[in-house]
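The chain contents come next:
Number of protein chains: 2
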Amino acid sequence: MNANNLVAVVGDDFPQAMIDDLRQHGINTEGLEIRKGEKTFFWSGKYHNDMNSRDTVEVQLNVMGDFDPIIPESYQDCQYLMLGNTSPAVQGLVIDRLHNRPKLIVLDTMNLWIEIANADLLNLLKRVDVLVLNDEEARMLTHEYSLVKAAAKIQGMGPKTVIIKKGEHGALLFGEGKIFFAPALPLEEVFDPTGAGDTFAGGFIGYIAKTDDASFDNMKRAIIYGSAMASFCVEKFGTERIMNLTQEEIQARVSQFVSLSAFGLE
Amino acid sequence: MNANNLVAVVGDDFPQAMIDDLRQHGINTEGLEIRKGEKTFFWSGKYHNDMNSRDTVEVQLNVMGDFDPIIPESYQDCQYLMLGNTSPAVQGLVIDRLHNRPKLIVLDTMNLWIEIANADLLNLLKRVDVLVLNDEEARMLTHEYSLVKAAAKIQGMGPKTVIIKKGEHGALLFGEGKIFFAPALPLEEVFDPTGAGDTFAGGFIGYIAKTDDASFDNMKRAIIYGSAMASFCVEKFGTERIMNLTQEEIQARVSQFVSLSAFGLE
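Protein chains in written order, with the numbering used here: chain W, 467 to 732; chain A, 467 to 732.
There may be inaccurate statements among the hints.
Copies of the same chain look alike in the list, so a pair counts if it fits in one copy or across any two.
With a Cα cut of at most 20 angstroms, we get these calculated SDA-like pairs of lysine to any residue [said to hold, decoys possible]:
#, residue 1, residue 2
1, Lys615, Glu654
2, Lys619, Val656
3, Lys615, Leu653
4, Lys592, Leu498
5, Lys626, Asp586
6, Lys615, Phe657
7, Lys615, Ile580
8, Lys632, Glu654
9, Lys702, Leu653
10, Lys702, Leu488
11, Lys512, Tyr611
12, Lys592, Gly633
13, Lys512, Asp664
14, Lys505, Gly730
15, Lys632, Glu655
16, Lys502, Asp586
17, Lys615, Leu711
18, Lys615, Ala474
19, Lys512, Lys644
20, Lys676, Thr495
21, Lys615, Lys702
22, Lys592, Gly550
23, Lys676, Pro568
24, Lys632, Asn600
25, Lys644, Ala483
Hints listed in this document are in silico derivations from the structure and should not be mistaken for laboratory results.
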């Protein structure tokens, strides 16, 4: 199995216990910069009744404002690269600083960058294999309402594979002229949707990396695992549920997705 | 195969060619009342950009205002009854006038009846097996935002099986403590969504009746057929696409649903 290498920046207000937790889960944190006397990125917001839309109450970029990603020498064998949501300029620097191109580069982005860093984002799109974004962002980026048309336009911008997340309505995977749809698990309660999209992306790339297979058919399974991970994320506040998951719980959740979508005509 | 028996009322303005078309498709129209000198029900509306929401421009109840359903003697062997969307009082009369209870009664309804005929609807719910409604209506009927909770409440009102339609986001089937999710086919263009919900319900009951199997597993397949039929409905104006469908086209569309949702972990 590949190492799981983290590149990130926090301030010295970031809880050491959380970093220890990551290490205990097998995450290499050599590329995590901890800036003395500075503060970690901060966001707070309010969710609406449908849990799919939210208003930002406060954002403090703090250390994120001039993030200069560090790629330790031990990271240079990276095969699968997940570029988490930050400015396209910083995401591009990570690719620049890897001596060899990874087998697969997955990019996450958001409405903010589509608006304020559109040219940077369009340049970056030419360099990645998979773009992950939500339905609203796909429409904003392409000016197409139909997600089928939006995905085709995005494929023309660079990424051969496009994943469009629809929150509680599941996710669509477009690639090789095919479409795959992964449902979201219908839940009685959504406690806190913060980080569900990131967890989805993490579950996706984690499955691809672990199985070392970036074929379209394996991406279908990866999206199911991503959806399963996201369904745990929303059950408790912050990272609480995710940090305490067992492999058995994950497999049981994936089985729920099977019974949710199999209809016996396959 | 059972006969397909229609109960309905129209005015003498209703095109005879459409009635002939129904007969050519094997529909028994003995229970279709044609009222001389009166006008057929009329609706016009405007769809919004997302094709899921619409505003009514004009409704004329006309002959629907005092619809008194006729059940011909030849209909008395009815095994599978689909109560299309009309007032709960009229829907109840159809059940009253059948000497033997059908094996399965499926009820379609809408926000209007939840608002203006709530008591009638609640009484009728005790007499049916399956309720078909959309997400907004399920929330309106139960005052629950979570569709999982809404479905459980509806099951407490009578129907053991609940189908919640989510338009372009697919449909959920709740029954036997299980949940099944059927995706909608992602489309490049939606030409006219009018009647898509009715076509879905028709495809559903048609598949159940043809296979003579109302088990939960067969209902999953029936919902896929319903979704396939609805995906045709929206491609052209009115009933044009549906009236000219072949069995081969339907099977090919169902295969698209298989490739859309099968992920090889089943």
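Structure-based check of all given hints:
1. Lys615 / Glu654: between (33 angstroms within a copy, 6 angstroms between copies)
2. Lys619 / Val656: between (33 angstroms within a copy, 18 angstroms between copies)
3. Lys615 / Leu653: Between copies only: 9 angstroms across, 30 angstroms inside.
4. Lys592 / Leu498: Neither. Shortest intra-copy (27 angstroms) and inter-copy (61 angstroms) distances fail the 20 angstroms Cα cut-off.
5. Lys626 / Asp586: within (19 angstroms within a copy, 54 angstroms between copies)
6. Lys615 / Phe657: between (34 angstroms within a copy, 15 angstroms between copies)
7. Lys615 / Ile580: So Lys615 and Ile580 pass the 20 angstroms test inside one copy only (18 angstroms; across, 37 angstroms).
8. Lys632 / Glu654: both (18 angstroms within a copy, 17 angstroms between copies)
9. Lys702 / Leu653: within (13 angstroms within a copy, 35 angstroms between copies)
10. Lys702 / Leu488: Only inside one copy: Lys702 and Leu488 sit 18 angstroms apart there, 54 angstroms across copies, limit 20 angstroms.
11. Lys512 / Tyr611: Between copies, since 17 angstroms is at most 20 angstroms while 26 angstroms is not.
12. Lys592 / Gly633: Answer is neither; intra-copy 26 angstroms and inter-copy 34 angstroms both fail.
13. Lys512 / Asp664: Within. Shortest intra-copy distance 18 angstroms satisfies the 20 angstroms Cα cut-off; inter-copy 38 angstroms does not.
14. Lys505 / Gly730: neither (53 angstroms within a copy, 45 angstroms between copies)
15. Lys632 / Glu655: This pair counts as both: shortest intra-copy Cα distance 18 angstroms, inter-copy 19 angstroms.
16. Lys502 / Asp586: Neither: 30 angstroms inside a chain and 68 angstroms across chains, both beyond 20 angstroms.
17. Lys615 / Leu711: neither (38 angstroms within a copy, 25 angstroms between copies)
18. Lys615 / Ala474: neither (34 angstroms within a copy, 40 angstroms between copies)
19. Lys512 / Lys644: neither (36 angstroms within a copy, 32 angstroms between copies)
20. Lys676 / Thr495: within (19 angstroms within a copy, 60 angstroms between copies)
21. Lys615 / Lys702: Close across copies (19 angstroms), not inside one copy (36 angstroms); limit 20 angstroms.
22. Lys592 / Gly550: within (17 angstroms within a copy, 51 angstroms between copies)
23. Lys676 / Pro568: within (15 angstroms within a copy, 53 angstroms between copies)
24. Lys632 / Asn600: both (6 angstroms within a copy, 18 angstroms between copies)
25. Lys644 / Ala483: Result: close neither inside a copy nor across copies, 44 angstroms intra and 40 angstroms inter.
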